[in-house]
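Protein sequences, first through last, are from chains A, B and C.
The numbers in this note's numbering rise by one with no breaks, and the one at position 4 of the first sequence is 442.
The numbers in this note's numbering rise by one with no breaks, and the one at position 20 of the second sequence is 25.
The numbers in this note's numbering rise by one with no breaks, and the one at position 24 of the third sequence is 365.
The reader is advised that the hints may include incorrect statements.
[What the hints assert, rightly or not] Think about it this way: if two alpha-carbon atoms lie no more than 30 Å apart in a straight line, the pair counts; the simulated BS3-like pairs of lysine-lysine are:
no. : chain 1 : residue 1 : chain 2 : residue 2
1   : C       : K527      : C       : K508
2   : A       : K529      : A       : K490
3   : C       : K508      : A       : K529
4   : A       : K544      : B       : K9
5   : A       : K544      : A       : K574
6   : A       : K574      : B       : K9
7   : A       : K561      : A       : K529
8   : A       : K561      : B       : K9
9   : C       : K422      : C       : K508
10  : A       : K574      : A       : K529
11  : A       : K658      : A       : K674
12  : B       : K187      : B       : K87
13  : B       : K9        : A       : K529
14  : A       : K529      : A       : K544
15  : A       : K544      : A       : K561
Because the hints were derived from the structure by calculation, they are not lab data.
This one's a predicted model, so the numbers in the text were calculated from it and none came from an experiment.
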Amino acid sequence: MSQLQVRDLQVTFGGLRAVDGMDFDVAQGEILCLLGPNGAGKSTTLDLICGKTQPTGGSIRFQDTEISRMLEFQRARLGIGRKFQVPSVYKELTVAENLSVARSMKPGIWHALTHPAIRRSSKMQDILDLVGLQDKMGEPAGNLSHGETQWLEIAMLIAQDSRLILMDEPTAGMTIQETERTARIFRSLSANHTLIVVEHDMSFVRTVADRIIVMNQGSKLAEGTIQEIEANEAVKTAYLGH
Amino acid sequence: MNTKLSYDIIGLTLFAGVILFGVPALFSYDGFELNTFSRYLSLAIVSMALALSWGTTGLLNLGQAATFGMGSYAMAMHLKLKASGDGLPDFMGWNNVETLPLIWGPFQSLTFTLLAGLLIPAAVGGLIAIFMFRARIAGVFVAIITLAFLVAFQLLVIEQQGLTGGQNGLTGLAQLVLFGWKIDIYSVSFYYMVGGCLMAALIFGLYLTHSKFGLVLRAIREDAERTRYFGYNVANYQTVIFCISAGLAGWAGMLYALVLEFASPTYMSVSFSLAIVIWCAVGGRESVLAAAVGAILVNLAEGRLSDVFVEGWHMILGVMFLVVVMFMPRGIYGLLVDAGRALRRKPASTKEALPFDTPLNPKQES
Amino acid sequence: MDVVFNQAFAGLSIASILLIIALGLAIIYGTMGVINLAHGEFVMLGAYATWALQTYAGLGVVTALPLVFVAVAAVGWIIEKVIVQRLYTRPLDTILATWGIGIILQQAVRLGVGADSRFVSGPHWLSGNIEIGALVMSNYRLFVIAFSIMVLGATWLLMTRTEFGMKLRAVIQNRGISECYGIEAKNVYSVTFAYGAGLAGIAGALITPLFSTIPTMGTGLVVDAFLVVIVGGLGSLMGTAAAALLIGEVTALFSIVINDTLGRIAVLAGIILLIRFRPRGLFPSDIRH
Chain A
439 MSQLQVRDLQ
449 VTFGGLRAVD
459 GMDFDVAQGE
469 ILCLLGPNGA
479 GKSTTLDLIC
489 GKTQPTGGSI
499 RFQDTEISRM
509 LEFQRARLGI
519 GRKFQVPSVY
529 KELTVAENLS
539 VARSMKPGIW
549 HALTHPAIRR
559 SSKMQDILDL
569 VGLQDKMGEP
579 AGNLSHGETQ
589 WLEIAMLIAQ
599 DSRLILMDEP
609 TAGMTIQETE
619 RTARIFRSLS
629 ANHTLIVVEH
639 DMSFVRTVAD
649 RIIVMNQGSK
659 LAEGTIQEIE
669 ANEAVKTAYL
679 GH
Chain B
6 MNTKLSYDII
16 GLTLFAGVIL
26 FGVPALFSYD
36 GFELNTFSRY
46 LSLAIVSMAL
56 ALSWGTTGLL
66 NLGQAATFGM
76 GSYAMAMHLK
86 LKASGDGLPD
96 FMGWNNVETL
106 PLIWGPFQSL
116 TFTLLAGLLI
126 PAAVGGLIAI
136 FMFRARIAGV
146 FVAIITLAFL
156 VAFQLLVIEQ
166 QGLTGGQNGL
176 TGLAQLVLFG
186 WKIDIYSVSF
196 YYMVGGCLMA
206 ALIFGLYLTH
216 SKFGLVLRAI
226 REDAERTRYF
236 GYNVANYQTV
246 IFCISAGLAG
256 WAGMLYALVL
266 EFASPTYMSV
276 SFSLAIVIWC
286 AVGGRESVLA
296 AAVGAILVNL
306 AEGRLSDVFV
316 EGWHMILGVM
326 FLVVVMFMPR
336 GIYGLLVDAG
346 RALRRKPAST
356 KEALPFDTPL
366 NPKQES
Chain C
342 MDVVFNQAFA
352 GLSIASILLI
362 IALGLAIIYG
372 TMGVINLAHG
382 EFVMLGAYAT
392 WALQTYAGLG
402 VVTALPLVFV
412 AVAAVGWIIE
422 KVIVQRLYTR
432 PLDTILATWG
442 IGIILQQAVR
452 LGVGADSRFV
462 SGPHWLSGNI
472 EIGALVMSNY
482 RLFVIAFSIM
492 VLGATWLLMT
502 RTEFGMKLRA
512 VIQNRGISEC
522 YGIEAKNVYS
532 VTFAYGAGLA
542 GIAGALITPL
552 FSTIPTMGTG
562 LVVDAFLVVI
572 VGGLGSLMGT
582 AAAALLIGEV
592 TALFSIVIND
602 TLGRIAVLAG
612 IILLIRFRPR
622 GLFPSDIRH
């Protein structure tokens, strides 16, 4: 049984069909990569799943619940996390505070009122070790370098512990070593999490992707493993323009 | 325990020492002098209440004076009824009101009055908050809506003369009898009662800001949109803090009506609301303690300087406010934090003094 | 019925003054996103400038108009350069700063000129009325209405037919890109703010014969003008004009049906509901995203 089912998903922005009849399933524990030229509708697809954008048609079912009309926070509570293209951490909060906000298994007000802002836990320590920010706990996130900021946001998503994580260009601006490290983290995440990743870096995609969907002009052009995609004529035409 | 919390506890202890021991000793326990200070302390409560919504959550509530006024009228209505004995309050007669209006009745009861002064402002604040935040109104639009509400509310209070005493407000009040204790506002014990209320409000405020709730509020201030994707119902968080802030303002209003022995529509004026913003900004909008100190300092300065510069005081206040907004947006608190940081560490990393505005929410539809 | 016609005419003359004030406010808000709470004080400065010119130089209201425009625009230009320009990245703080400026201007006038009401007499050649049946229209009010339409036309020409207007619209759409093409956004902002202030000054001059001139006169006006801006929608001159007409008339006619105070409360409730349900106004343009 697939965890996420997307059927005939559509969204129109003032006449432009940004996403036009997308159909796909994602299985529990799978890493799905979305590829495609700029403006193909990849980020918009993620926006539709996490609730940033309301669809004009179609359905999104997550663990057998129709979510396409839900608000963002309701979807997050069901277990959908999102990393944005521009790293969005809270620059005025410290690294530890950022992680504490992200640890939101109980997002209700009563729980928040009766618990301290930061609770040291071994899990939080593990996450910080994993991304190498253990020395920066008390540092405001605004003082971090670009790479560290990317790590912090990934750490926040791990702390959020969503079952489905949507990643928009997680390796943008990273060095080769950092990208490799990210790939390792993603592989280890897929034990408990499902990932949908928008990415341009093909070597990264080769390492992590279980399955790939290539999008073009808002719809699905091809779907399959990396080998199948690389052999696909339609993809070559779309990319190389023959 | 983290360092921020320990600094706040040290700060609160020092502040409590000054207010509860220093000030009374300074005025040699003179009730008349302390009465003026009781006024400052009650204003400190409304200032710290604003720090919760504005500094912590990024919601600039320009209508804080409205909820403050509600509290003061609740208290004054009770005392007016006590002063009128079995008869009608005098101003009602002048306005040809012959029977006691329905909403006045319950204010005979002290318990009802105390609850009403806290809960009615909280409920009104909560309703406005639900109205705004469900629609994701943010930034300057929160300021404009709350300002418009304040102006409308004050007009309504002035217009309904038979109910509210109109422009004159409620004067000629009885002394409050609090569970058998007849309160003399020129006594030292009254000063301690107001001081105790302020301390309780501050401890409550500090508790809130150091809880996970306070952390989520700061996250909302910086990026409400992002916070939703972590599963927090941002509108609910904003509504609750608006409620709490309005309730505290109402409480402060009750004390203020006691100190001044009357309630007036000027407590709900735009300029009073602005004054609250000024105190909060001067002290430091991020910290409830700093906002309380700001209120006391500015009012103390006003008390001393307005004798010297009778006409010029508002000018000084305006200039002071402008300078604070432009050059020290974090107020005195920000200066202290920066100074502390410079002392402790290498002076190189001064990437600070960030503005604390929530950017206009681009998602205004729905 | 006569009462209704006369109130409708009064509403029209209120609307025309509101229009001039709101145009300035709308241009400033539309261009730089600054809600200028000192705008009412610019109106007040215009009124006092007119009073001073009449009292000390013997100039009539109409002759004084260009001088008042230049004087208040200059004040606006200085305030923009010295204060507002530093706060563009902090929209909430511009509200507070302009509020502070308003207090300072008000107090400066109170200290300099005094708090008593001042009176300015209208131009002699515009005294008298035109009467159509029971409808009595004063010549001066007719002049104000005509003048406000001229101001609207001039502003429209400035925005759409001049190089400055082109630059202004470019900056509104995308400040960064405009600067890449050599448009100095800072200067565009300064001039825009000065123009908006100048318009407020003109409005202040025009109302002097109708109302008494006191230091607090601007406070109430800015609320109404802001309502006009919100109702009119951002970046739309014709929307602002339509909104001014609507609000002027509604206010005037409301005051027959219910009393003035309740009329104002209704107007404020209108602002609140409108921001909540139509934050882009009743007549939004598609310029700003």
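These are the hints, each one checked on the structure:
1. K527(C) x K508(C): holds, 11 Å
2. K529(A) x K490(A): holds, 21 Å
3. K508(C) x K529(A): violated, 34 Å
4. K544(A) x K9(B): Holds - the C-alpha atoms of K9(B) and K544(A) are around 24 Å apart, at most 30 Å.
5. K544(A) x K574(A): With Cα atoms ~26 Å apart, K544(A) and K574(A) stay inside 30 Å; holds.
6. K574(A) x K9(B): Holds, at roughly 16 Å.
7. K561(A) x K529(A): holds, 23 Å
8. K561(A) x K9(B): holds, 23 Å
9. K422(C) x K508(C): Cα-Cα ~19 Å, so holds.
10. K574(A) x K529(A): holds, 13 Å
11. K658(A) x K674(A): holds, 14 Å
12. K187(B) x K87(B): The hint holds at about 12 Å.
13. K9(B) x K529(A): holds, 17 Å
14. K529(A) x K544(A): Between K529(A) and K544(A) the Cα gap is close to 23 Å, so the pair holds against 30 Å.
15. K544(A) x K561(A): With Cα atoms ~16 Å apart, K544(A) and K561(A) stay inside 30 Å; holds.
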